[in-house]
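Chemist: Top line first, the protein sequences correspond to chains X and U.
Each residue of the first sequence is one higher than the last, beginning at 1 in our numbering.
Each residue of the second sequence is one higher than the last, beginning at 1001 in our numbering.
What the hints contain is simulated information worked out from the structure, not anything from laboratory work.
Check the hints yourself; a few may be wrong.
Claimed, not checked - Which residues of chain U face chain X? A few of them, derived with a C-beta cut under 8 Å, are:
(1) Val1027
(2) Arg1034
(3) Ala1038
(4) Gln1045
For glycine and all other residues, C-beta sits at the position ideal for the given N, C-alpha and C.
Listed below are the residues making up each chain.
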Amino acid sequence: MARLDPQALVTHLDRLYRVAWALCGSREEAEDLVQETAARVLAKPRRLHGQDELAYLVRALRNTFLLSRRTASRRPREVATLDQIEPVDVRGTGAIGIPEAALEARELFAAIAELPDDFRLALVAVDVAGLSYQEAADMLDTREATIATRLFRARDRVARALSPAHDDAPGREGQTASRSLR
Amino acid sequence: MMDDMRTDDEHSEHVDPPAALRALDDVVAPDRLRLAVAEQVAEAQRRAARARRLPELPRLRLRGALAAAGAAAAVLIVALVLALGGGGNGGGGSAPGVRDVAAVALRPALAAAPAARPGGELLAAHAGPIAFPTWRRAGWHAIGARSDRLDGATVRTVLYADGAGRRIGYAIADGALPVSGGQLVTRQGTPLRVLDRGATSVVTWRRDGRTCVLAGRGVPVQRLLTLASYEA
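Extracted from the complex, chain U is given alone in its bound form (with noise of 0.2 Å):
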């Protein structure tokens, strides 16, 4: 409505941006998303290369929900196959690994953060028997939760934030899920393992049968070892 009550300077159609906003072409995304993008990105390539070598399905030649239901079939039946034999890290297998796991806890929050049980140690969230920690007195709080699943695996991710706006996730995840590579590091006892990707830094360890993953960007792996070793 507004739109159709036009003054002569409104016609004066396809006028260059006014300079004050083409300032705005300085503005360029910081290094971290950039990183983050270009891992989607080559997160997605992979999956496509790994598609294009699965067997052709006949599903072509097929039609109606019997078509379906066979090739839908064929798929699991590959699928189990790669996962049985290929022990897959999520790197090379379609079953979840650890590295899927620290890609799904730096996504952004899909929920408030939890509130703090009473005592102040412990968040209003948990999986299964693990309760999410509130880490603040290491210098950190929660800011956003989400949860996943991820091939059929649940992963309940907390993400928090320490005072310079770094931010972090803490995911666990149902089963113990393959991981290989990366450094086995001992804290107090107890088994963690370090995975460096680049800017990104994973520490995973197993608790409960379940898999634990703390994942970072930008922030040093101590840092990460530190809060693990309170879990663990």
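Next comes chain X alone, as it looks inside the complex (with noise of 0.2 Å):
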């Protein structure tokens, strides 16, 4: 069975970065997660179980993204000392840094940002990442079928919500909207 090269991590870097910033609305904390995926995903080495790597990185990056989320939403919003936080056990490298990009790709991965999760998630999967229908079904534990009709209502709601008269038509479900991102 093949196993992952640790070079994907590179040769896709740009890819999961932009996966990353539309999970978190940051290009801040994408930062973060990308690394912390690399983290996780080079513990160990890796089978990519027939998968494609970019598939088997996204995967990863969407586990990290979630599992953050739940730490996070557990963890107390003060934190005093140092003392109060158990030591992980790591051996790995990493860096935080600022990256550049322009007002309009803020605006959208915010607006993606803001998704519910499952159409958010689709989105992803197959507009950000650029995995196949069937990749981000398997990917999603779910129907290639309702991979379209969530990634059809995703992109209507960030049509919606990048429109400058989606606040003057709230009844009208995204229908003028959804023709001019196309």
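Reconstruct the complex from the two isolated chains, following the hints.
Modeler: Here you go:
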């Protein structure tokens, strides 16, 4: 069975970064998420189980995102001392930096991050990560047709969120706006 | 449930992404992230190469708890031999070194920033007798913290950011960890060691029997030395 080549992280970095940004809605958190995912993936040799490298990495990134969100929701807001933090057994590297991106991209990522989970994950998997409908369905444990539906609605919602007029016509469920996005 | 209430449009499957979304393809990862991930990958490959150099353990022929215990003991012995004989600096042996601590110091925060103590100079976070500074007057502020165990050594880290959004990590590890190479610099009579690894600058010193490591990516080493001189 094929093993994941660690260099795949470098090869697909741009795409993973976009996926992370779309999930988090923040470029700084996206950087952290990509690094955390890389640390997890590189912690031991990984087998692909017939998956494409990109599909594997996107799934790992999504799992890391969901895990970090659950952890964050359990974490108290005020942490006074480092003694209260349970040490994490790690051995790896990482870094923190500041990316550059256009304002419109930031708005678009923010709109995607605001989507309900199911819609966002479908849109991120297909439109941002570039996975096929089948790969997205496998990753999200659902049917291809469901991916198509969620994708349609996710695109529609993003279009409405970005439309200047979307606040004026709340009753018209994205008919004009979704056309403008296309 | 909503998924089953589709319109005709929604049945039109495998549609290309809308133009606005295709524009996201122009967004690329920043250089800092690229460097960081490349270093993560390189470190993983070095680890794998080190593991391959270790003698093969007879674990495949052994079964049960006794076999696992024997294999674990063998691994421990090999690790001990390497640690004692190799005097590793984090790059060549199995004992953690300053470079390993620096890598941990640059990882994302796992906890919120510690609060400042009355007086504003120190944070309510410490590693043994050493309290972490606020470095407020130097233009930095704490943005998070993390605690790691690196091959048995506890490493406590506070992450800081400045007004320009640059981030550094100040990590304090238990014990005097090995370090080699770099450049020895004296600030206010205190010896500091500077290690440059591409875009990453690292300054390290010893205090109260512990190893202090200040690391930053894209931060001038002089700024790290200034901060370190307050602490050493």
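Chemist: Now look at each hint and say whether the structure bears it out.
Modeler: Checked hints:
no., hint, in the structure
1, Val1027, "holds (5 Å)"
2, Arg1034, "holds (6 Å)"
3, Ala1038, "holds (6 Å)"
4, Gln1045, "holds (6 Å)"
The structure shown violates none of the earlier numbered hints.
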